[in-house]
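K.L.:
Listed below, chain by chain, are the residues.
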Amino acid sequence: MLNLSPLPEFHSRRRWLQTAGLGIGAVAADAMLAESASSAVEGASPLAAKAPHFTPRAKRVIHLFMNGGPSQIDTFDPKPKLQELDGQELPKSLLETLQPTQRNRAGRLFGSPFKFSQCGESGLSISELYPHVAQHADDLCVIRSMVGGIANHTPGLLLMNCGHPALPRPSFGSWLMYGLGNESENLPGFVVLCPGGMPTAQSRNWTSAFLPGIYQGTHIDTGGSARELIPHLTRKDIRPGSQRAQVALTQFLNEQHREERPGDDRLDSRMHAMELAFRMQTAASDVFDLAQEPQHIREMYGDTLQGRNMLIARRMVEQGVRYVQIYHGAGQPWDGHSNMVPRLRQLTKESDQPIAALLTDLKQRGMLEDTLVIWGGEMGRTPTTQGNVRDINRIGRDHHIDGYTVWVAGGGFRGGVEYGMTDELGMSAIENRVPVHDLHATLLHQLGFDHERLTYRHSGRDFRLTDIHGEVREDLLA
Amino acid sequence: MQRTRSILVLVPLVAAMSILLAGPGRPALADDGADFFEKQIRPLLTKHCYECHSEAAGEREGGLLLDRETGWLKGGNTQQAVIPGEPDASLLVTAIRYQDEEMQMPPDEPLPAEAVKLFEEWIRRGAPGPAVDLAESEFSRLGDQHYLSELASEHWSLQPLAVTELPQLADPIWNKSPLDRYVGQRLHTAGLTPSTPADARSLVRRFTYDLTGLPPTAEEVREFATSYRQDADAAVERKINDLLSRPAFGEHIGRMWLDVARYADTDSTYRPDTRTPKYLPFAFTYRNYVIDAFNADKPFDLFLREQLAADLMGYPEDAPERAALGFLTVGPHVGRRDDEIDDWIDVTTRGLMGLTAACARCHDHKFEAIPTADYYALYGVFASTKRSDPLRESELPKIHGAAPVVTAVAEYEQKRKQIDAEIKGAGNSKTKNNNRSIAERIEETDLAELLTFHEGGPVRMMVVRDVDKPITPRIFLRGEPANRGDAVPRRFLSLLDREQTPYPVDTSGRLQLAEQIASPENPLTGRVFVNRVWGMLMGHYLVSTPSDFGLQGAAPTHPELLDWLTLDFITHGWSVKHLVATIVRSQTYRQQSLHREEAATIDPGNDLYWRAERKHLSIEQMRDGMLAVSEQLNRMRHDRPQPLWGDDYSRHRTIYGFVNRFNLDPTLRSFDFPTPMHSSESRPESIVAPQALFAMNAPFVIEQATTLTDHVEFKACQTDGERTDWLFQQVLQRPATKAEVTRCSKVVEQQSRFFEQPRSPQVHTPWALVAQALLMSNEFQYLD
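Line order of the protein sequences matches chains S and B. Just so it is clear: in the first sequence, position 455 is 455 by the working numbering, and no numbers are missing. Just so it is clear: in the second sequence, position 762 is 762 by the working numbering, and no numbers are missing.
These aren't lab readings, by the way, just hints derived from the structure by calculation. Any given hint could be a false lead.
[What the hints assert, rightly or not] Just some of the chain B residues that point at chain S, by a computed CB distance under 8 Å: (1) Thr46; (2) Thr217; (3) Ala218; (4) Arg350; (5) Ala599; (6) Ile602; (7) Asn606; (8) Arg614; (9) Leu617; (10) Gln718; (11) Val763; (12) Thr765.
[What the hints assert, rightly or not] Here are the computed lysine-lysine pairs in the DSSO-like style, where the Cα-Cα straight-line distance is at most 27 Å: (13) Lys417(B) with Lys430(B); (14) Lys47(B) with Lys117(B); (15) Lys417(B) with Lys236(S); (16) Lys430(B) with Lys415(B); (17) Lys39(B) with Lys236(S); (18) Lys117(B) with Lys39(B).
We treat Cβ as the ideally placed atom computed from N, Cα and C, and that holds for glycine.
With the hints as extra help, turn the sequences into a complete structure.
P.N.:
Shown next as C-alpha cells:
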C-alpha cells in the first residue's frame, strides 16, 4: 500500500504511545537521578523539553487578556474624524458594515472622550488612559487591523485562544506545550491566572482538546492562594518532616519493587515524579511568595490585584514557565456595553502601572527580547454607542470585530510601530488586515515553529492551530 | 450539438491516455507542443501559479495542480480547468480573465494581457503538456476517490473475516487454545519463547482488576493460591466465572465503553449569567444501561442496534432498552445542528467501525475511500433524527419498573413543588440585562440541578425519534450549510455497501444503518470491538490505532488471531463475556510480566507477547481500589451522578461519579481520563507530578489511610510486626517482609513524638503515614 501521508516520527501516534510512559525524562534529570544510582531515563516524555523547528526569537509568552473586549478607539486607535462627528447619526451605508446584532442596536457616532498624545521617539498615539504604558511606546507593535470571528464573547475567546470559534480545539498554550515541552522542573508549563474565578467560556480557553490532557493549561484563581496552583499542592495536617519520612518510606518500597522488576522505565519515572511533586510543594508556593521580591520591585508593580498578577507572571516565566495568560478578572470585565467611560478609567487605572512595570522589569532583566508580551481582548468595540444613550457616564460601545487592536511587545516584534489601519471612523480595517490565524502563525514563527508543521494527528487528520489558514506577517517583525 | 459535446469529452480522454501510455518519453509528434509549453507557459505558471498549485510547493489549492497534464485536465474541486482547444470554455481562462467575481486568479492581481493571450493560444493548440510529465503521483492522488477506493478494496480491515489453518505447536499447553497457537507460532518464528506463568498472587490481582476493576481481598488471594496449586486450569476457570458473574464486571468494562461513547453528565456549554453547566439530568440512565448490558451479557450486536435505533425496534415507549439511545444524546452539542450531527457521525463511524468519516464533511476524504457524498448520506439519517430536549420531561419517557429512591421521594416532591411555583410566579418576566426569561433560568439552574442530583427524582430516558418527514440531504460544499450542493440519498458508506442501496424513503434509515453496522457481514465492527477488549486486557492493542482501521491506520500485528477471535466472538452470539474469558484464560494472558533481556533485544515493544504487560491502574481502578482496601467501598449500583472528591465524596464506584464535560475535573484529567468531547480512542499512560501530589495530599487518599488505621482489626494488633503485616495484607494482599517490618517500625518510632499532639484529629497516629505510603507505592498502582 502506498503511504499517502508519512508521519514524521515526532507526530507518530504509535511512538507517542510507546514513549508516553517514559516519564518526566529530561525534566527531572537532576540530582534525584544521581541519588537513586539507577540508569538514567532515556527517551522523550510528553513533557520533556523539545526543540522547535528552527531557532526561536522568543522563548515564552505572557498574554495579557483584557477579557470582555477593550475599546481600541479609547486606547490605541485614535479617530479624530469620529470625535469631530461625535453625536451624529451613523450614515445608513456604514450601518450595513456592522455585524447584524450590533446593527440593530447601534446608536450614534461616539468620539473618544479621552485625549491622545504622541509618545516615545516613535510618536505612537496612546490615550491618556495608559500613561505608564505610554512610556514603553517604542517597544510596542500596535496592530490596529485585527479582524475575525463572530462578534460575541465565547466565539471570540475561543478563536483568539484556540483558533476556532466553536469546535473544541487545543489552545495556543497547549500547542506550545506539545511543541516545546516543559522547561520548568517544578511548575506547570502553561498557566492561566484569573483573579476571582474564570473568564467567560471557562476552561475551554485553555483546553488541550484532543491533545493529551497533560498539555492543558493550569488555571489559578489568583484571588485565592498558592494552594490552588495545582490541585492537592500541600497538606497541613502533618509536619513537612513527617511527609518527608513518608515519601522516603514509599521510595524504599518502590526501590525494592523496582529491583525485582528490571527493564521498566516507568517505575523509575514514577519515583522521579514523586520527588518532583515533593519539591513542587515548596517551589509552587514560592512563586506566589512576593515577599521574596525586593521592595522597590513590589512598589513598581504596585500592591494591587493586577500588580501582584503581573509580578507572579514574571516570577513564573523566570522559573521556566512557557506561557502565562493573565485575564483581568472573572467573566468579562472589559465588556463596556454601558457605563463604559468610568469603567475604562477604572480598568486602566488597575492595569496601566502593572503592565508598564512588567515591561520595565522584563527589559531590565534582559528578558523582553525573548518574551512575547501580548495585550488585547477577544474583540474590540464599535465607534458608535450602543443604543441611544447620551449620558457620558452611562454610554457604552458594542462588540466589534472588523478592525480592533492588539499589541505585542518583545520577542522580535518591531517596536514603536502602528501596523494596519482602520477607516477614519473606525468602522472597518482598511489596510493590512490581520486575521487571528495570521497573528497565531506569526507568534508561532517567533517561537520557532512553522505553523503548518506543528500538527497532531487526530481522527484521521493532521490538525494545527491555524487550521487551513494563517500567514506569517513578516511586516510585524524586526 | 450532441456531436460537439462528445468530441469535447473525448479530447481530454485521449490526451490523458497518451500520457499514461507514453510514460517518461513522449512521442516525437508532441515535441512542438511541449516546446511551446516549456518556453511560453511554464514560466508564467512558475511565476504566478505554482506557489499554490504544484507538488513542488506542496500545495494544491482547490485540489488543482498545474504542474502536469492530468492536473489541469482533471481540474480541482469544481471542474476540469482546461478543455484543450476551447479557451473560452476553459475555467482557467475564465479565472485569469477576471470575468467571474467568484473565481479570479491569481488572487492578488490579474495577469498582464499578453500573458492571458498566451494561455488562450496554448489552449487553442490543444494545451500540450510538459516534456517530462509527472503524471500521477502520491501527491496528485490525495483525495482521488477512485484510486483510494481501489486501495480500500484490498485493505485488510475491509476483507471478510477469514478462517486460517491453526498452527501446530510442540508445547502441549500452548497448543490447546487457538489464541495461544497463533501467538505461540509468531513467537517461535521470531526465535522467542513465551514467559512462564505469573505467580498466583499476581495472577489473581490481574484477573480481579482486569475483569472487575477492583482488587481481590487478601483472603481471595490465599484461596486462589491454594486451589491454583492443586489444579491451575480449574482454579483459573472458576475464578473467571466468579468474576464475570459479579456486577462489578459491567461497571468496569462499561467504563471502557463510556470512553468510546464520550459520556458526560453535562453538555459542553453553560449559562453565562449563572455559570451553570447545561445539565443532562438523565444521562445516568444511559450509563446504567451500558453497565447492565455488559452484566447481562447482552449480545453485542443487539447492544449496538439498541444504541442507534432502540426507538425503531418495536420496544414499548417505556422499555428500558430505549435508554440505549443515550449513545447519541449524551454527546456534546455545541449549538449548531450540523455540529451535533457531525458528532453523531463521528461517534458512529470512528467509535463503532474505526472509520474517520467525519473528515469527509468539507471535502472528499484525502486519505480514505470516503467521498463527501457518503458523509451526507449519513448526515441525512441523523438529520432525520430528533434529539429530545434534555430538560423537557414530556419528551423523556420514564423507564418502566425503575423507581427513584423511595425515602427521597417526599423531599424531592416538596422541592419540586417549590421550584415549579417559582417558575410559575416568574411568568414571562425577563432577567436583567438579558432577554431570556426568568422561568427559563430557574428551569436551567435550580430545576436542572434538582433533576440531576436528587435521588428522589424521576428516572427518565434521553431518547431520540425520527422526524415525520425524513430529510433528503444535500452536500454542504466546504462544510458550509449555506452552500448547497447535490442531493444524495440516505444510505450506508459506499465503502461497505458497494451497491449504495438507498434507505426506505419513509424512514430515517437509522435502523437499517444499525443493522448494517451490527452485522456479521460488516468486516469492521467485530474486529474493532475485539481489538478494544484485547487492548484493555492485554495492555496494548493488536491494531495500535483502535479507532482507525482505515488506510491510514496501523496494520494488525496478528491478523489471523484478530480474525479468529472476531469469528469466535460472533459465532458465540456476540457474547462479550465469552470473548473476555477466551482472552484471559489463555496462556498468553497468564504469562508473567518480567522483562527478559534476550527477548527484548528481538522484540523491544513486546508486540509479539513474549510476556504480559505490566499495567498501571486507571484512575477508576485506583480510586475504587483505595476504597476497597479501606473497606469503605459501597458496591451498590447507583443512579444519580455523585461527587468523586470533596467533603461529601461518594463511596460508590467511580463510574457513578459526576462527569462535567464543560469543566472536567482536574484530577481525572491528570490521570488520563479522556475529554468527553470526542469518542476516545484509548487512554495513554502519562506520568506527571500532579498524580503523585494526589497520592500524597488528596484528602480522599488521606482518609482511606486513616480509615485503615482506625480499623478494628488494626487496633487489635499487638506488635509492630502484626500492624505492618495487617496493613500490607489489606493494601497489597501479601505479608510484609522482615525488612519492611523493620523499616515501617522505624518510621513509626521516629515520628511518634510528633503525634503526641497531632496537628489534626484525623491523622492521629504515625501508622497513618505508613498506610498511606502503601497506597502511594508503585506496587499498589501497578499490576504485574
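K.L.:
If a hint holds in the structure, say so; if it does not, say that too.
P.N.:
Consistency of the hints with the structure:
1. Thr46: With Cβ-Cβ at 21 Å, over 8 Å, it is violated.
2. Thr217: violated, 21 Å
3. Ala218: violated, 17 Å
4. Arg350: Status holds, d = 6 Å.
5. Ala599: Hint violated; Ala599(B) Cβ to chain S Cβ min 10 Å, cut 8 Å.
6. Ile602: violated, 14 Å
7. Asn606: violated, 10 Å
8. Arg614: Cβ of Arg614(B) sits 6 Å from chain S, so the hint holds.
9. Leu617: With a minimum Cβ separation of about 12 Å from chain S (threshold 8 Å), the hint on Leu617(B) is violated.
10. Gln718: Violated, because the Cβ-Cβ distance from Gln718(B) to chain S comes to roughly 22 Å (cut-off 8 Å).
11. Val763: holds, 5 Å
12. Thr765: With a closest approach of 11 Å, the Thr765(B) hint is violated.
13. Lys417(B) with Lys430(B): Distance ~22 Å between Lys417(B) and Lys430(B) Cα, so the pair holds.
14. Lys47(B) with Lys117(B): holds, 16 Å
15. Lys417(B) with Lys236(S): violated, 44 Å
16. Lys430(B) with Lys415(B): holds, 23 Å
17. Lys39(B) with Lys236(S): Not OK: Lys39(B) and Lys236(S) at ~81 Å, beyond 27 Å, violated.
18. Lys117(B) with Lys39(B): Distance ~15 Å between Lys117(B) and Lys39(B) Cα, so the pair holds.
The structure does not agree with the numbered hints 1, 2, 3, 5, 6, 7, 9, 10, 12, 15, 17 stated previously, though it agrees with the rest.
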